[in-house]
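Q: Residue strings, one per chain:
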Amino acid sequence: MTGQVLPDEDAATGAIRELFGAAAVPARITYGCKRECSIDVREPEFALSIPYLASRKFVLIGLFCVEGFREGAGHSLLYVFERKGSILILVRNLTNAQATSIAPVFPSATWPERECRDGFGIEFDGAFDTRRLLLHESYPAGFHPLEKSFSNTPVMTTTTIDAADEYPFRKVSGEGVYQVPVGPVHAGIIEPGHFRFSVIGETVFNLEIRLFYTHRGIEKLAEGKNPYDCIKIAEAVSGDESVANATGFSMAVERLSGITVPDRAWYLRTILCESERICSHLGDLAGMLTDVAFPLGASQFAVLREEMVRENERLTGSRFLRGMLCIGGVNRDIPAEALAGFRDFIVQFRKQCKVGFSIVLSTPSVIDRFSQTGIIRKPLLRPLNITGPAARASGGVVDMRVNHPYGIYDRFSPAPHILRDGDVLARFTVKAAEIMDSLDLISRVIDAMPDGSIKSDEPIRDGCALALVESARGQNLCWVRVQDGKISRYKVRTASYCNWLALEHAVPGNIIADFPVINKSLNLSYAGTDL
Amino acid sequence: MVNAFSCLFKKKVTETRPIPDEEIERLGREIKREIDARFGRSLAIRELDAGSDNAAEIEINNLANAFYDVERFGISFVASPRHADVLLVTGAVTHNLEIAARKTYDAMPSPKFVVAVGDDACDGGIYKGTYAVLGGADNILPVDMKIPGNPPTPTQILTGLLALMRTAGKTP
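Residue numbers (numbering that gives the first Met the number 0), protein chains in the order written: chain A, 0 to 530; chain B, 0 to 171.
None of these hints come from the bench; they were simulated from the model.
Mixed in with the good hints there might be a few duds.
Ranges between beta-carbon positions, derived for each pair [unchecked claim]:
hint, chain 1, residue 1, chain 2, residue 2, range
1, A, Ala337, B, Thr152, 17 to 23 Å
2, A, Asn225, B, Arg81, 30 to 36 Å
3, A, Gln347, B, Arg25, 24 to 30 Å
4, A, Val179, B, Ser41, 51 to 57 Å
5, B, Gly39, A, Arg419, 51 to 57 Å
6, B, Arg25, A, Ser412, 43 to 49 Å
7, A, Glu336, B, Ser41, 19 to 25 Å
8, A, Gln97, B, Pro110, 53 to 59 Å
20 Å max Cα-Cα, derived DMTMM-like pairs, lysine to aspartate or glutamate [stated by the list, open to error]:
hint, chain 1, residue 1, chain 2, residue 2
9, A, Lys56, A, Glu17
10, A, Lys231, B, Asp122
11, B, Lys102, A, Asp161
12, A, Lys350, A, Asp409
13, B, Lys102, A, Asp343
Over the 10 Å line for every Cβ pair with chain A, so calculated as not near, a few chain B residues [stated by the list, open to error]:
hint, residue
14, Ala36
15, Arg40
16, Leu47
17, Ala65
18, Ser79
19, His94
20, Lys102
21, Asp137
Don't be surprised by glycine CBs; every beta carbon is placed ideally from N, CA and C.
Put together the whole structure using the sequences plus the hints.
A: Below is the structure:
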């Protein structure tokens with residue numbers, strides 16, 4: 000292996016040529032419509048690939064199981080890698096429900112492997128963590144809801160859990176170490192999750208997060224349904240990412256069917272995506288300021304958020320922008336005068352945001368709490384696939400709108416805001432800058448808005464496709480397979496899913512009282528993780 | 000250079016924002032009258048996410064922003080179920096949360112009221128009859144009021160709370 004990639008070759012094709020020889024290119028590769036390289040690999044080849052891909056700085060962005068994907072194979076594991084805007088999908092066909100773990104090489108495989116085990120009953124040899132993930136203690140042993148043989152019906156669970164069956168948290172011991180269990184029901188109006196702090200004095204020594212309390216069976220719910228009916232399921236993945244997940248789902252179905260979305264629809268979708276980002280970021284800024292007891296700033300941003308949400312309602316009829324996205328375009332047009340009104344609103348809104356930022360960033364007590372708090376270090380980004388503002392505040396140049404442009408983002412590229420400190424202050428600053436950026440982007444999109452149809456009426460075909468979108472929290476991955484006109488597998492992996500592990504690394508070394516603000520600075524979605 | 004201190008004297012920011020929402024003001028006044036009369040001037044609410052997609056949580060949180068500011072009507076959101084009169088349940092109760100949801104309800108002192116917020120909490124919504132959920136909140140808790148919506152707006156939530164205030168304790 001020489002490590003050389005031919006000049007006109009993308010990183011994924013280069014890796015395949017190096018690994019499996021020039022004869023494999025293009026004979027064994029299947030290219031997706033965005034030049035995603037997909038290749039079926041045998042076990043010895045797979046074993047060879049993993050250390051090679053790690054050494055070539057590929058990031059594992061997705062790992063999931065599909066049943067009946069290949070003729071004769073029961074389960075197939077799809078490993079999705081990313082490097083320099085290029086996607087490589089290794090398809091590993093299993094003869095029995097047994098596979099080797101890659102978690103020791105790619106730590107971001109730990110949760111997905113546990114998920115495949117819960118969902119499909121696949122055992123991973125060499126995995127260092129084999130606890131259940133999606134299904135908590137109340138579910139019966141041997142229950143694997145994502146198997147095709149299971150039809151989605153109520154299941155008998157128990158509410159009496161023996162002490163021996165309780166979830167074993169990692170043991171942290173030593174002189175003066177004590178445990179602080181928090182959750183799943185928290186003190187504020189937030190989603191449920193359990194945080195197990197191991198603390199020495201006031202300083203957190205270790206944090207273990209247990210989630211999946213809101214596991215609602217989203218992936219199974221979509222199976223067997225008409226794709227058009229699944230938009231509302233995609234919107235229910237996470238309330239504040241409704242547009243992003245609906246966009247990802249629609250994009251995947253459009254790609255596998257070869258549907259071309261009209262330009263005007265993409266312009267409208269972009270306005271919705273960016274509005275959603277602005278609302279989410281404003282909520283985060285307000286939350287961070289609440290958690291450092293600075294209500295003056297917090298209420299500013301809460302008010303701005305409400306104004307934006309009301310504007311969303313005026314434009315689309317929904318405060319969460321729901322019901323707008325559809326496969327092939329958007330459901331309703333937004334009239335020109337409403338768009339012009341929105342652009343005028345943005346001019347004023349921009350000024351108010353600026354005032355808010357300057358108040359906060361010139362308040363020493365806020366800076367004191369934000370600065371050097373909850374640092375996420377850059378070397379963690381690749382192994383854990385940390386994305387979104389969390390990565391951009393730690394020096395990572397990752398933004399799906401730039402790395403894997405979709406829709407009209409190749410023409411309306413956002414300026415990347417990259418900071419290096421990786422602390423709460425950096426995340427606050429990046430999010431603040433991104434709000435301004437999204438406002439500008441919306442104005443530019445409205446100015447260039449073309450006329451024309453808002454929906455394509457091309458039919459949905461069978462097939463499978465991958466889509467990556469940049470939600471407010473980062474990279475959301477969506478993979479859809481349609482068989483006989485029905486969804487046969489809907490895999491969604493939100494940015495929160497990966498970024499939760501960043502929180503486990505950001506908190507140790509900080510005092511427990513800073514946990515809320517660190518948590519809020521990432522503002523991860525529990526629902527979007529638990530599915 | 001703007002700083003927080005100077006803002007205190009500038010007579011703006013928190014002072015002049017117009018709140019043109021007559022609907023909210025009317026609802027608020029009526030709720031306050033009921034709370035004053037029947038709940039000793041203060042209604043303590045504990046929110047419980049029993050498997051929501053977080054949209055309902057966002058709207059409930061919004062009740063505290065300056066547009067609604069429901070604390071002026073006597074409504075406060077409390078950190079512990081032990082302090083609560085009302086439990087606002089969101090989401091189609093998941094199996095993974097069933098135990099925690101029951102414990103939360105049990106921790107509340109009587110008399111206590113349960114309100115299901117959002118379509119999922121009302122009857123299971125899109126998750127009805129699937130493996131991961133029990134369905135509506137009334138499967139495990141005695142629900143006094145249902146506020147449908149996907150998610151219900153802050154105004155609809157307030158309307159629902161007002162309806163609860165009016166019926167609370169009157170029905171057998």
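Q: Would you mind marking each hint as holding or not holding in the structure?
A: Quick rundown of the hints versus the structure:
For Ala337/A and Thr152/B, the Cβ-Cβ distance of about 20 Å falls inside the hinted range of 17 to 23 Å, so the restraint holds. Taking 30 to 36 Å as the suggested C-beta distance range, the pair Asn225/A and Arg81/B does not conform, at roughly 47 Å. Here the CB-CB span from Gln347/A to Arg25/B is close to 28 Å, well matched to the stated 24 to 30 Å. For Val179/A paired with Ser41/B, a C-beta distance near 30 Å fails the hint of 51 to 57 Å.
Distance hint for Gly39/B and Arg419/A: a CB-CB separation of about 54 Å, consistent with the stated range 51 to 57 Å. Remark: the range hint 43 to 49 Å for Arg25/B to Ser412/A is upheld by a beta-carbon distance near 47 Å. Between Glu336/A and Ser41/B the beta carbons are some 46 Å apart, a value that contradicts the proposed interval 19 to 25 Å. Against the hinted window of 53 to 59 Å, the Cβ-Cβ separation of Gln97/A and Pro110/B comes to about 56 Å, which satisfies the hint.
Distance hint between Lys56/A and Glu17/A is fulfilled; the C-alpha atoms sit about 15 Å from each other, no more than 20 Å. Proposed proximity of Lys231/A and Asp122/B is supported: the alpha carbons are some 17 Å apart, at most 20 Å. Simply put, Lys102/B and Asp161/A have alpha-carbon atoms about 17 Å apart, close enough for the 20 Å limit, and the pair holds. Between Lys350/A and Asp409/A the CA atoms are separated by roughly 28 Å; this puts the pair beyond 20 Å, and the hint is violated.
Pair hint Lys102/B plus Asp343/A does not hold up; C-alpha atoms about 50 Å apart against a cutoff of 20 Å. Residue placement check: Ala36/B keeps its beta carbon more than 10 Å from all beta carbons of chain A (closest about 26 Å). Remark: the non-interface label on Arg40/B is consistent with the geometry, its nearest Cβ contact in chain A lying 22 Å away (cut-off 10 Å). The claim that Leu47/B lies off the interface is violated: its Cβ sits roughly 6 Å from the closest Cβ of chain A, which falls inside the 10 Å cut-off.
At roughly 5 Å from the closest C-beta of chain A, the C-beta of Ala65/B falls inside 10 Å, breaking its exclusion from the interface. Not every beta carbon of chain A lies more than 10 Å from that of Ser79/B, the smallest distance being close to 7 Å; the non-interface claim is violated. The non-interface label for His94/B is inconsistent with chain A: the shortest C-beta to C-beta separation is roughly 5 Å, within 10 Å. The Cβ of Lys102/B does not lie farther than 10 Å from every Cβ of chain A; its closest approach is about 8 Å, which violates its non-interface assignment.
Once the 10 Å rule is applied to beta carbons, Asp137/B is consistent with being away from chain A; the minimum gap is 16 Å.
In this structure, the earlier hints numbered 2, 4, 7, 12, 13, 16, 17, 18, 19 and 20 are contradicted, and the remaining ones agree with it.
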